[in-house]
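Visitor: First to last, the sequence lines map onto chains A and B. At position 202 of the first sequence the residue is numbered 202 (our numbering), and the sequence of numbers has no breaks. At position 24 of the second sequence the residue is numbered 24 (our numbering), and the sequence of numbers has no breaks.
There could be a bad hint or two in this list.
In silico DSS-like cross-links for lysine-lysine, where the CA-CA straight-line distance does not exceed 25 angstroms [claimed, not checked]:
1. B:K66 - B:K76
2. A:K238 - B:K12
3. B:K53 - B:K9
4. B:K31 - B:K12
5. B:K102 - A:K204
6. B:K53 - B:K66
7. B:K67 - B:K53
8. A:K204 - B:K42
9. B:K31 - B:K9
10. B:K71 - B:K53
11. A:K204 - B:K12
12. B:K76 - A:K204
13. A:K238 - B:K99
14. B:K12 - B:K42
15. A:K48 - A:K76
16. B:K76 - B:K53
17. A:K48 - A:K80
18. B:K53 - B:K36
19. A:K238 - B:K71
20. B:K53 - A:K204
21. B:K92 - B:K71
22. A:K87 - A:K76
23. A:K204 - B:K71
Worth flagging that the hints you see were computed from the coordinates, not collected in a lab. Quick caveat: nothing in here was measured; it's all calculated off a predicted structure.
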Amino acid sequence: MKFLGSRPQHEDLKLLVEDPDAVENNLAKFDSSGNPVDSGIASNTVPKATTANLTFYVNPSTGSDENPGTSGSPFKTIAKAISLIPKIVNHNVTINLADGSYSEGITLTGYMGGGIITIAGNAANPENVVLSGLVRIEHSAIYHYILGLETTYTGAAGIYCVRVYGMARFEKIICDTSSVDYAGFEILYSPVVIIVSSTISNRKQGIYGNNNSHIYSAANGGSNNTVGLQVFTSVIMKASTQPGGTTAESAANGGVIR
Amino acid sequence: MTGIIYELKSNKVLLVVSNVTEVGSDYLIGKDASAKGVDLTKAGIMVVEENVKEGEIIDPLKLVDKKEEVKSPLQKALERITVLESELAKVKTDVSTLKTAK
Numbered sequence: 001m002k003f004l005g006s007r008p009q010h011e012d013l014k015l016l017v018e019d020p021d022a023v024e025n026n027l028a029k030f031d032s033s034g035n036p037v038d039s040g041i042a043s044n045t046v047p048k049a050t051t052a053n054l055t056f057y058v059n060p061s062t063g064s065d066e067n068p069g070t071s072g073s074p075f076k077t078i079a080k081a082i083s084l085i086p087k088i089v090n091h092n093v094t095i096n097l098a099d100g101s102y103s104e105g106i107t108l109t110g111y112m113g114g115g116i117i118t119i120a121g122n123a124a125n126p127e128n129v130v131l132s133g134l135v136r137i138e139h140s141a142i143y144h145y146i147l148g149l150e151t152t153y154t155g156a157a158g159i160y161c162v163r164v165y166g167m168a169r170f171e172k173i174i175c176d177t178s179s180v181d182y183a184g185f186e187i188l189y190s191p192v193v194i195i196v197s198s199t200i201s202n203r204k205q206g207i208y209g210n211n212n213s214h215i216y217s218a219a220n221g222g223s224n225n226t227v228g229l230q231v232f233t234s235v236i237m238k239a240s241t242q243p244g245g246t247t248a249e250s251a252a253n254g255g256v257i258r
Numbered sequence: 001m002t003g004i005i006y007e008l009k010s011n012k013v014l015l016v017v018s019n020v021t022e023v024g025s026d027y028l029i030g031k032d033a034s035a036k037g038v039d040l041t042k043a044g045i046m047v048v049e050e051n052v053k054e055g056e057i058i059d060p061l062k063l064v065d066k067k068e069e070v071k072s073p074l075q076k077a078l079e080r081i082t083v084l085e086s087e088l089a090k091v092k093t094d095v096s097t098l099k100t101a102k
């Protein structure tokens, strides 16, 4: 075959199907620099890949989603800032959250690349940046860094990671609004999750891992959880202090806390 | 045998550990699961034959606690040593007190 040992090209594939035009119209295309270009399948004003570092600012009190998202003219919502992040992230993308109450959460989904998405609240006083929604990262394969904020969400876990194939680091996060049914952190199918210097109280589990997740938990606090750390078929590697609970640790189905 | 950890205030079952193989003052170890670091000011531990589920409200007085039946000979020996060491320490204290009084 012509393409053995190398990537098949458009022309190669066109020879193998009955409708060559369908292949032509649906294959992703790349420019001379290797960046993807619009295939024509969906039109979107947001570029598909970062070409430089991006920084956005959000202020729920003084911002507007009609603003450019600069420090002087911030967005009003986190969702607006996130909507401008390309799905291929090869640079540093930073969203700075001003102190205040946000009537929303954070949803990061479907990113890939070698870059970092940082969402930075107030590292010194995380209780000053309060989100009513959950922090949710899913189906994403980059480095995510969430710093200095509080979530009061009780409809599910406060912080929820599922199929994070890259890495997620949570630092100085507060999740202490009472929920007897849901965890503070719920981590599923996620191989590299780091939780440090955070406070989790009054939840069903402080940190809950399932489905082959690997979680490093260090210098975390909190109390009055039903279970401090709980894993099923996952690992929590712990150092220093941990969120407390009526039962400190519970492991099942090959889960390990060590 | 099923190990249960229940809240003292509400008698609600917080955790269930099936096929218990070892039980201690603040932990349960089962064939496929474990629970450690139970806060005994808030929760109780029982080992029962009944099929109890998480979230159920139990009456601990009506359940028969079979902790002793799942303790291994080694565990029983270690607990006996702990008791004997405690008693020995008490005797030493008493002897010391008598010597001082004399």
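Visitor: Let me make sure I understand: some of the numbered hints might not hold for this structure. Which ones are they, in numerical order?
Guide: Violated hints (numbers, rising): 2, 5, 9, 12, 13, 16, 19, 21, 23; every other hint is consistent with the structure.
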